[in-house]
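Trainee: Using the hints, position chains B and C against chain A.
Protein chains in written order, with our numbering: chain A, 1 to 327; chain B, 1 to 513; chain C, 1 to 378.
Possibly wrong hints are sitting among the right ones.
A few chain B residues that face chain A, going by a derived Cβ cut-off under 7 Å, partial list only [claimed, not checked]:
# : residue
1 : ILE62
2 : HIS74
3 : GLU105
4 : LEU111
5 : ILE112
Residues of chain B placed beyond 12 Å of chain C at every Cβ, according to the derived structure [to be verified]:
#  : residue
6  : MET1
7  : LEU124
8  : ASP139
9  : LYS146
10 : GLU205
11 : LYS247
12 : PRO248
13 : ILE250
14 : LYS251
15 : ASP325
16 : PRO338
17 : ASP359
18 : MET380
19 : GLU511
Since the hints were made in silico from the structure, they are not lab data.
All C-beta atoms in this analysis are idealised placements derived from N, C-alpha and C, irrespective of residue type, glycine included.
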Amino acid sequence: MSLETVLRSIFSAFFLASVIRICTPIILPSMGGLFATAAGTFNMALEGIMLWGAFTGVFVSAYTGSVWLAVLCGVIAGILASMILAVFHLEFGVDLVLGGLAVNLFSSGGTVFLMYTLIGEKGNTSTLPSLSVPNVHIPIIKDIPILGEILSGHPVFTYVAILAIIVAYIVMFRTRFGTHVRAVGENTEAAITLGLNVKKIRYMAIGISGALAALGGMSLSMAYLQMFQRDMSAGRGWIALAAVNLGNRHPLGVAAAAVVFGLADALANQFGSLNIPSQLVQIIPYATTIIALVVYAVQQKQQAIARMKKYQQAHFEEAKAQEGASE
Amino acid sequence: MPLIEMKKISKIYDNGVVANDHVNFSVNKGEIHALVGENGAGKSTLMKILFGIEKPTEGQIIIDGQEKEFNSSHDAIAAKIGMVHQNFMLIPSFTVAENVVLGSEPMKNGLIDKNKALNVTKELSKQFGLFVFPNAVVDAINVGMKQRVEILKMLYRKAEILIMDEPTAVLTPQETQDLFKAIRTLVHQGKTVIFITHKLREVKEISDRVTVMRLGKVIGTVDTKDVTREQIANMMVGREVFLDIKKPQIKRGEQRLTVKDLTYVDETGRPVLRGVNFNLYAGEVLGIAGVEGNGQTELVEIMTGLRPAAGGEIIVNDKDLCNKDPRTIRMMRIAHIPEDRLTNGVAVNSSIEENLIVDRYFKQPIKKGISLDYKTIDQMTDNLIDRFSIKTPNGKLPVSSLSGGNMQKVVVARELSSEPYVLIASQPTRGIDVGATEFIREQLVVNRTEGTAVLLVSADLSEVMSLSDRIITLFEGEVTGVFPDASSVSEEELGTYMLGVKSQTYAEMEEYL
Amino acid sequence: MRELFRKKAFREFLRVLLALGIGLGLGFVVTIFVSKDPIGNYRAFLLGPVSQLNRIGDWLEESTTLIFLGLAVAIVFTAKQFYIGVEGQMILGAFVAGTIVLYAPFPPLLRVIAAFIGAALMGMIWGVIPAVVKAYLNASELVSSLMMNTIALRLFDYLVSTYLQQPKVAGIMSELFPKEVRLPSFIPNLPFLADIRMLWERQTSVSVMIYVAIGAVIVVYWLLYKTPFGYELRMVGSNSKFARYGGINVKRIIVLSITISGIFAGLAGVHVALAITHRIVQNMSAGLGFEGVNIAILSFNNPAIVPFASLLYGYLRAGADVMERMGDVSRELVMIVQAAVLLLITAERLLPVVQQRVTTDEEEEGQVVHEKGVKHVA
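In isolation and in its complexed conformation, chain A is listed as follows (with noise of 0.2 Å):
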C-alpha cells in the first residue's frame, strides 16, 4: 500500500472515529489512576481492577439479562478490588508498589480461576451470551457528514470516557472533595493541620480510582468485544499509569497523553501495511514517556542551580557595595 493511501486513511472519518473508540479504555483507567496519584496513593493495580470489571460485566450481564445491572456491578467490583489495596496500604502498611502487583497478580489469577470454575473456558467467556453496551447516536449530530461519523455512534462508554474527563476537571479543581484530594497528595502534613481526613480522602480517592478502573475494563468486554479474555487489560493499566505521569497530574494533561497513547496504538495498525512495523509505533509514547520523565527531572535541577547562582551572584554583589561603603 502507498503512502498516499495510508495517508488519506488516516485521516478519514473512520478512523478518526476508532481512534476516540481505542482511547476509551485508556481514558477511563487513568481517570482514576489520576485521582488515586493526586492523594498521594498511586494505584499500580489499575491494570487487574480492569479485569475484575471486565469480568463481572460480562458475567453478570450473561446470567441477569440486564445491561446496566451489569455494568452496576462491574463498577462495584472495581471499587471492592481496590479496597484491598486501600485497606493494606492504609491499614496494614503495605506498600503502595507490592500491594498494586499483589492485587494485579490476585486479579489476573482470580479471574481466569472462575471463569474456569464457572463456565469451564481459560481462553475467553465466548459461549457466554453476554451482553454489550448499545451504542449511541446522537440526534441531529449523527446527520451531519463526517463529523457526525467521528461524534456520533459510539458505545456508551465512550461517552462517559469523555465524560469522566470533564467530570474530573470539574471535581478535582471545583469542589472542596477534589481539592481536599490535591491538597493530601501535595502536603500531607499542612492538610493534617487543617483537619482534613486524610485517610478517608485516599480511601474514597482509591475507590474512585477502581470504578474508573472498572469501566475501562468493561468498555473493553461490553462494547469492544462481547466477551472476556484472560487478562485482556493488556498493559492498558500500565499504559494508564504511564498517561497518569506523562500529564502531570491535570485531567487535561492526562487525557492528552491517554490520547497519544491511543492513537499510537491505531496509527501503529495503520503504518502496519507501510512496512513500517506496528511494535515500533507502538513504542513511541513508552519512549516519550521516559524522556518527558528525563527532561522535567533535568529542568528541575537546572532550576534550583540556576536560582542558588543568582541568589549567590546578588550575595556577592550587596558584599561588595557594602564593602565600597564602609570604605
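Mentor: Showing chains B and C alone in chain A's frame:
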C-alpha cells in the same frame, strides 16, 4: 484581666524530659508579646500547648476568663487562636487564595466559590496590611509573602490571637520590616500577637512585653522599654552550672585546618554564612557558641562535604577541601560526629559492626583481597564495644536495639577510632543519658590532649565553656567574637555575643581566630 | 523459647510461615467452594509435583528460572531501589541468547557460552537508562522501569518477527534451537549414573542450569555479604544518608545495583530460552518478572533464602498445574495464594501479634529502650 493566662503549666515527656516546669505566662489583649529563650528553654513547647498540639501534664489555660481544654489544634482554632509555624504548611500548586481558604472553602451551588475566596482574601489582605497576590501560585511567591499567606489563613478562621514561631528566621531585613508593619496593623485592629524569637534586636523593636524562659522555667516577664538587650541576654543565659571536667594543660600544636571566607546561601536566597574565618590547631578544642539557627548546622555540613558552599575555602595540608565529597574529606582524616545521629550518624537497621566500618571497609585490614575480613571486623568491634563501654551483648545486633546514648557511643567509637587529624563534633551529647554524656565528653578531652584538632559545636553553653580551650561565637552567619581563653570569659559575656548584642571587629579577632 | 522469639530473624521466619499458612488455607477455602472434590484436588496441588518424575522435572526447571529472577530483584531491593524492569532485561537477554545460539558462527559449546555472556550483557545494558536516570536525576525508577519493560516486549516482538521468524507458522517465534546447543542434563555423564541419566533425560529436561543457578546464588551471596561492594549496596539500602556521610558514592551504587541485577535477569532469559522453550517465542517471559518480586520479598532479599523460596513457589506452580490437569480446579488458584502471601508478608502492621507481646516484655525488663527520634524540645 489578661486575655491569655497559662497557670502552672508543666509538660513532662515520657522519656523524663521536663519541657515546661510550672510555667506562668500571661498575655494582655492587644499587646505584642515576645517569648525568648535559648534552644531547649521550653518556649516552643509552651506555644504548642497553647495551640493544642500538645497537652500539658499539669496546669490550666484560661482564655478571656474561661478555662479551656484543648485536645487538638481545632479546639484552639475554635478558641480563636492561630499559629504560624516555622515551616510553612502551604500547598505549592494552589494559589494564595486557595491556600487561605483550604479546609473551609466558601461554596456556591455545590462548587467552590472561587470569586468569594479571592474577595475574602483581598479584603483580609487590605484590612490588615498583609500584601499578597491572591491569584499567585504559592510555589512562585517569595518567603515573605508565603508567611503572610499563613497569617491570612489564621485570620480567615477568625483568629484573635496569633502565635508566630521564629517568624523572622527566614526573612530578609526588608521582609522583616514589612512583617513588623503588618503586626502593628493587626494589633491596631485589636489582635494579640505572641512571637517566639531569639533575636533580641527585634524584641526591642516591636514587642511591648517580653517573657524570658530558661530550662523550662519562666525567668521573668518585663516591659520591653524597661530592659536592655544585654539584660535580656543575661536572663536568657543565666548562671550555668560548671561541669567538673578535668582538662590537662593545653599544648597547642600546629595549624591543621583553615576556614577562609566561607559563605553559604540557602534555597530561598537567604545568606546563612557570610564569610566565616577561623583556624583549628592540633591539641586544642575550638568551641562554637551560638543559638541554633545561626549557621552552625550548615557550617559543619559544608566542612564535612555534605553540603556545597557558595564560596570560600577549607584548607587542610595545603589542599582545599571545600565542595569535595565526604570520602575525600575522610581520607584526609577528618572525622565527623553529626548533630543528627539517626539521619546521618547510624543506619539503625544495620548491625553495630556494620555501622562501625563505614569509613574503613575499603581499607586494609578490614578488606582482605577482594572480600571483607570478618574476623578482623569482629575483633575490632569487640574491641570498640569494650573500649567505649557500649552496652550490648554483641556487635551483631542492630543499632536500633541500643539506647540513644549507646547509639551515640557507636558513632563516637567509629569516629574516634579512626585516629582523626581533625574531629568535628556537632551536638555530641544531645538527647542522651548522663552516663553516656560524661563518657563522650571525656573522650573528646582525651582526644584533644593526644593532639587531635577538635571543633565542638554545641547549643549547650555549659558544655562549650567546659570543654573548649578557645571559643568563637557565631551569630547570623558571622563570627562575632573570639575568646582565646575559654576559662576567662563569663556566660553573660558570651551570651551577649551569641545573641548579637555585642560583637568584635575582624581586626580585633584576626590574630586569635 | 522467649530468647528465640526475640531474634528478629526468627520472628520474620514465623511471619513467613504464618503468611504461607494463611495463604494456603485461603486457597483451600476457595477450593472447597469451587470443587466437587476439594480434598482430592488440594492433595493433587500439594503432592502433585513429587508424584511423577516429569513433574519433578517441571518443578525443578520452574524453580531454576525463579532463582535467577529472585536474585536479580533481591539485589536491587537490597539497595532499596524500586526497580521492576527485570522482565524486560530477561526477555531481551533471551533474545540475544537465542540469536547467538542460532546464528553465531562458532562451534556449539562456544555458542552456548557466548549466549550466556551476551544475555548477561544485554540485561546490564537494558538497565542502564533507568539506573542513570535515577542515580543522577532522581527520576522515579519505578516509572522508567515499567516503561522499559513494555518497550522491551514490543522490541522483542518486532525483532523476532522481523529477523528470527520461523516461516510458515502462526505466531511470533523463531526456529527451534538445534540439538547441538541443547544444554546437557544435570546428571553428569558418568558410567554408573547412566541409567538415572537416561531416565531423567527421557522424562524431564532439567539441565546443568541448575548448577549455574546454585553458582549464581553463591556468587550473589558472597557479593552482598562478603565484599566491600556488597557492603556499600546494603548500607545504601539501609540508610542512604548514612552511606553518603560515611563516604560511599551512592550514585555509583545505584547504577551498579540495577545493572548488575540485569546480569541475572539476562541469565533467567537464557534459561527459559535454552532449557524450557528451546526457541525464541512471543510472551516467553509471561509475567515472570513479577514472580521475581514475589521471590525476593519471600526471601527478605537474602540470596541464601532465594533458592528455598524459588523451590517453594516453583513447587506451588507445578502443583497447581497438576491439580488442573487431574481435577477441576484451575491452576490460577496459585496466583491467588501468592497474592495473599505477598500482602500478608508485607503487611508490617498486620502481623505484629507476635512482635508486640515480646517487645513489651523486653521493655518491662528494662533491657531495651527504643529511641524513637531525637525530639529537640524548645
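Trainee: For every hint, state whether the structure bears it out.
Mentor: Evaluation of the provided hints:
Annotation: ILE62 of chain B was flagged as interfacial toward chain A, and the flag is violated, the nearest CB pair being 24 Å apart, outside 7 Å. With a cut of 7 Å, the hint placing HIS74 of chain B at the interface with chain A holds, because the nearest CB-to-CB distance is about 6 Å. This hint holds: GLU105 of chain B has a C-beta 5 Å from the nearest C-beta of chain A, less than the 7 Å allowed. Residue-level restraint check for LEU111 of chain B holds (minimum Cβ-Cβ distance to chain A is 4 Å; threshold 7 Å).
At its closest, the beta carbon of ILE112 of chain B sits 6 Å from a beta carbon of chain A; the interface hint therefore holds under the 7 Å criterion. Listed as a non-interface residue, MET1 of chain B keeps its Cβ farther than 12 Å from every Cβ of chain C; the least gap is roughly 29 Å. Chain C leaves LEU124 of chain B outside its interface by the beta-carbon criterion, the shortest separation being 31 Å against a cut-off of 12 Å. Non-interface call for ASP139 of chain B relative to chain C: holds, since the shortest CB-CB distance, roughly 18 Å, exceeds 12 Å.
Residue-level check passed: LYS146 of chain B sits 22 Å from the nearest beta carbon of chain C, beyond 12 Å. At the 12 Å boundary, the C-beta of GLU205 of chain B stays outside the reach of chain C, the nearest C-beta of that chain being 22 Å off. Here LYS247 of chain B stays apart from chain C, with its beta-carbon at least about 27 Å from theirs, past the 12 Å limit. With a closest Cβ-Cβ approach of about 31 Å to chain C, PRO248 of chain B is found to remain outside the 12 Å limit, as its non-interface label requires.
At roughly 30 Å from the closest C-beta of chain C, the C-beta of ILE250 of chain B stays outside 12 Å, upholding its exclusion from the interface. Distance check for LYS251 of chain B against chain C: the nearest CB is about 31 Å away, which clears 12 Å, and the non-interface claim stands. At the 12 Å boundary, the C-beta of ASP325 of chain B falls inside the reach of chain C, the nearest C-beta of that chain being 7 Å off. At the 12 Å boundary, the C-beta of PRO338 of chain B falls inside the reach of chain C, the nearest C-beta of that chain being 6 Å off.
A cut-off of 12 Å between C-beta atoms contradicts the statement that ASP359 of chain B is not in contact with chain C; the least separation is 6 Å. Every Cβ of chain C is farther than 12 Å from the Cβ of MET380 of chain B; the closest lies at roughly 14 Å, confirming the non-interface assignment. The Cβ of GLU511 of chain B sits about 35 Å from the closest Cβ of chain C, beyond the 12 Å cut-off, so the non-interface label holds.
Of the numbered hints listed earlier, those contradicted by the structure are 1, 15, 16 and 17.
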